[in-house]
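Starting from the given sequences, assemble the full structure and let the hints guide the process.
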Amino acid sequence: AQSVTQLGSHVSVSEGALVLLRCNYSSSVPPYLFWYVQYPNQGLQLLLKYTSAATLVKGINGFEAEFKKSETSFHLTKPSAHMSDAAEYFCAVSEGSGGYNKLIFGAGTRLAVHP
Amino acid sequence: NAGVTQTPKFRVLKTGQSMTLLCAQDMNHEYMYWYRQDPGMGLRLIHYSVGEGTTAKGEVPDGYNVSRLKKQNFLLGLESAAPSQTSVYFCASRSSTAKQTQYFGPGTRLLVL
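Keeping their order, the protein sequence lines are chains A and B.
Just so we're aligned, residue 1 is where the first sequence starts under my numbering, counting upward by one.
Just so we're aligned, residue 116 is where the second sequence starts under my numbering, counting upward by one.
Worth flagging that the hints you see were computed from the coordinates, not collected in a lab.
Derived DEER-like restraints, expressed as beta-carbon distance ranges:
#1 80/A <-> 134/B: 38 to 48 Å
#2 39/A <-> 211/B: 21 to 31 Å
#3 56/A <-> 131/B: 44 to 54 Å
All C-beta atoms, glycine included, are put in the ideal place defined by N, C-alpha and C.
Quick look at the structure:
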């Protein structure tokens, strides 16, 4: 079974600083990879996804992630943090095929942005 | 489109009580999923459905049952609630052509006393 590891359950940055949220996956074949964001008391919203096209994926709100097969990583970055980026971020990998495809989630990283 | 909706938003149960959580989607998606979210554990899949009348077990199915009698609805049942089932429950749906992108509802917060 696949697994996802998010390094750092809490990350704190200053407004305007670089955001880097780490995600490593275990997979023997190139997977589909996702980053979701969850704002307080809300559901999950898709930020971006990698589906075996370009390795650098751009998402909403200025976020991007780079798929590195050699490192089995899919880290999320944003050049300049904004207060509104404070949320919990989940990395996920797809497992299975067709209708039986499932998402395996990491434990999440809570991002705090301070003035 | 309302997307994925969940009913109720919040519920308190006593140990042993039963309840049903309703998930509805208006996107004509074939696949639907129920997850639970617990602190430090991300989301874990409880059950899922690949079509009307078809369900399958996920990672943590014990204590839950599901039904998908209509394509747009996916019900999650707790027959005898336990404190360990205190959690936030999320429903998601996906199109068969969407490259595994799942769309999530706003969640149901359940407290079992």
